[in-house]
Amino acid sequence: MQTNQYCISPAIVSEHFDDEVIIVNMSRGNYYSLRGSAALVWQGLEAGASQDILLSYLANAYSTDEAVISEPINTFLEQLVNEALLTKGPQSQTSPLPTCTIPKPFTPPVLEIYTDMADLLTLDPIHDVSPVEGWPIKK
Amino acid sequence: MAYQKIDDNQPATLSSGEAYFTQLVADRCRSVQPQVSARSFGFGDLTLQVIFIGESNQDFFTKAISHRKSPAQPNSLTVYVVNHKTSGIMLPQPCWNWQQTDGHGVIHGLAAGYSGTFQQDTGVFTWIAHTERLALVWGTDFASLPEWERSFPFRYVLHKWFEDQERYVLVHAGAVGTPSGGVLLTGRGGSGKSTSTLACLQSRLHYAGDDFVMIDLDDPFVHSLYNVAKLEPENLGRFPVLQSLADDQPIVPGQKLQFYLHQHYPNIVTKGFPLKAIMLPQFTGSQQTTVRPATPAEALKALAPSTLALLRADQRTFQKMTRLVHQLPLFWLETGTDLAQIPDAIYSTLQSLPTYAEAPC
Chain C
1 MQTNQYCISP AIVSEHFDDE VIIVNMSRGN YYSLRGSAAL VWQGLEAGAS QDILLSYLAN
61 AYSTDEAVIS EPINTFLEQL VNEALLTKGP QSQTSPLPTC TIPKPFTPPV LEIYTDMADL
121 LTLDPIHDVS PVEGWPIKK
Chain X
140 MAYQKIDDNQ PATLSSGEAY FTQLVADRCR SVQPQVSARS FGFGDLTLQV IFIGESNQDF
200 FTKAISHRKS PAQPNSLTVY VVNHKTSGIM LPQPCWNWQQ TDGHGVIHGL AAGYSGTFQQ
260 DTGVFTWIAH TERLALVWGT DFASLPEWER SFPFRYVLHK WFEDQERYVL VHAGAVGTPS
320 GGVLLTGRGG SGKSTSTLAC LQSRLHYAGD DFVMIDLDDP FVHSLYNVAK LEPENLGRFP
380 VLQSLADDQP IVPGQKLQFY LHQHYPNIVT KGFPLKAIML PQFTGSQQTT VRPATPAEAL
440 KALAPSTLAL LRADQRTFQK MTRLVHQLPL FWLETGTDLA QIPDAIYSTL QSLPTYAEAP
500 C
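Quick mapping for you: the protein sequence lines, in order, are chains C and X. When you line the first sequence up against our numbering, it's residues 1 to 139, in that order. When you line the second sequence up against our numbering, it's residues 140 to 500, in that order.
Just so you know, these hints were derived from the structure itself, not from any lab. For every residue, glycine included, the Cβ atom is placed at its ideal position computed from N, Cα and C.
According to the in silico footprint, chain X covers these stretches of chain C (three or more CB under 8 Å from chain X): (1) 15 to 25; (2) 28 to 37; (3) 104 to 117.
Chain X on its own, in the form it takes in the complex (with noise of 0.2 Å):
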């Protein structure tokens, strides 16, 4: 992008509009006494350190990420949380015109390093400046957000941090396992991912969520994003787990029911294990749960739809899935209506495949 002069207080040191435009992100944010309320949040190789500003009610954003806490660490990527409601900070002149942004509210021809969206329909503006290491969510009023937007907090900033690295991508799948290794669920709408991974929460196998997950290509590895449970409320019934929980759930008309499983059961989370191998859960309709080869194909086509079109995403994620489902084993998990059988497919599958050393997460 041409790079053109916001105003003549401009700097010339700056190399483009983006980094002025970080530069006073950066400043209105700082500007902010005493800055508080820092918490810490650890994704692979990357700390989230999230400040607040103006946000009474964090939880909103760290309830579904509190399995990841961590110490802060230099080098973090900075990620100011602003209400503009609470804390009056104003967005300064976009660097960039409007056409530039699409229908879902990305904004496409930015500097490289930079990536911003905003989503008119929620007020929502985030940015990610990569030489900065800082992001900002920056929202108009945070308590108007639907609450669906709890159960995946940040989605947008670590997939957009992550897109042009060759290790690490961000996927629509459950994933669980044992600390020695564990398969990723995935598949399309209806497929049966969601009740696969929770028919598991009363087995052996450990949870590292059953929506999106993040997975080290270099030496596949899981890592667990959110610690979030999510079931339409007519199936609650089948899992007795949850069913001790749902008191507490606040009930939207039309949206899943939330259960954030570390703050009840935090040794059924986990950080994360080494990954063996995807399946495809397919519901049958017989009882039984069998478990057959699946080609690299269909794992492509039953994990890349999705992830490409929640995460808005280009070829480069396209391009690490494929690279995913051709190292890894793949297979078909159909499910039969007796979900006790699901864990232990997946167990005894896992058993027969080679067990690598334990990583650390």
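This is chain C alone, in the form it adopts within the complex (with noise of 0.2 Å):
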């Protein structure tokens, strides 16, 4: 079954400035800078807003047609699925979005991906031991 629904991942925390969002994925030791129509989208997300009304939404804020913007918006979303920070499924709640009109022609929007993060997040080894006294034990 097709959902055009998505819901922000719990595991990550995000943080909007004037003109950027910037997301930090801990489970898979990345982080991401949102800007332009990103940033947008992502505000929408963040407002519970399905597929379709993102697309609305961003054709107005754009003053173009939803044909234009489809195929960018939703390969970005699939993006953000693959990349752990969107699962798809029934939001619960929709806030409405704030009306806005911006002054330049629609961009594709861009995932900036940043993975140093990772590097320093580098594994233990797994942890087995025996729940018994006078642990750690190694299997």
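Reconstruct the complex from the two isolated chains, following the hints.
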């Protein structure tokens, strides 16, 4: 069954700035930057907008047709899912999206990915111990 | 976490398996007589009373924090440092399921007020019990710990102790300044953070750390944690103040040199200063060092990833760092090859910012 609803993963943290959203995914070890239309998409996702509502919202914001932005937006959403920033599924609550008009042409959203944190999160050996007195005991 | 009875002798008055585990730890540590070798160290409004059991090389845990030595205080956090090999003290049976432990050794799902991590690669188990004001650093054999572990002792204990408090946060950054104010220096690996910090060693700026420092967010203030300067051996020639100390250094292939500055240059090391700005070093390759404004997003990207990764921290620490970058002036510190210009650029920037009253540390 295909769903057009996305949920932001509970495993990530994000912060909005004037022109940028910073997202950290500790489980994957990556962090991300969203600007321009990418930041606007994220704002919509945080409000619980469905895929259809997102397209309508962005088309209005950029004063363009949904058909023009449909493919890059859908591709971007799939990228967010692949990076485990989004999961597909029903959203329990939707808050209203702020009205805005962007005084420049639409440019496809870009997910800037930074991987240097992952190097610092190098995994320890798998923990495999017996729950007995005097642990740790490697099996 | 659901409370599970560990054995038939478990007292009914204890509210959780974690509380019982903590009591067993405390009983075993206190049973060692005589209780000797307690040392106290102050960090903000927290005093660690460190009690060594079976540990002969106590400097391994205290040299980096020797400048934070303080009188014992009531309501301290008691930290037992237990060397299993020399004390024979065993760990109690765990009150958690090992499936709760992630690949980093962090034990998830513990009752509120308890934190634990077990680094199986080093054989070190760390436990923090907030209500009981007790922490345990237990190792199978501390003599086998890697040398770099001595440069940031009790890092996990301090981080977990302050993690759910709004006021303090540990961050991965250097810090230099004067008694009236200083800067954080932070950035991704290779950005020049350590070089910029160490370039200030022979200037009018004091040293509060080049790796981890603690920030008081309520009244922005840098608390020095560790007096250790770290340097790649190939960069030693650029820092004359450190060259004379290099002969004392054990050479560990692939590891940075460590210089315990408080031991050699106590006047260089400060316990802290009001925090006036955050600077993001960026090596340019030119000779000159220049300063230009940075944005909060740029500062968060410089500060958050390494802090979160090295501390295995969660959203609470992220939110505290977000608060920090919103409340301070932010600058890029574009560093050049003439290292002497770095402290001058920092000092000039500090002079251009408002001065606050000096705060006690």
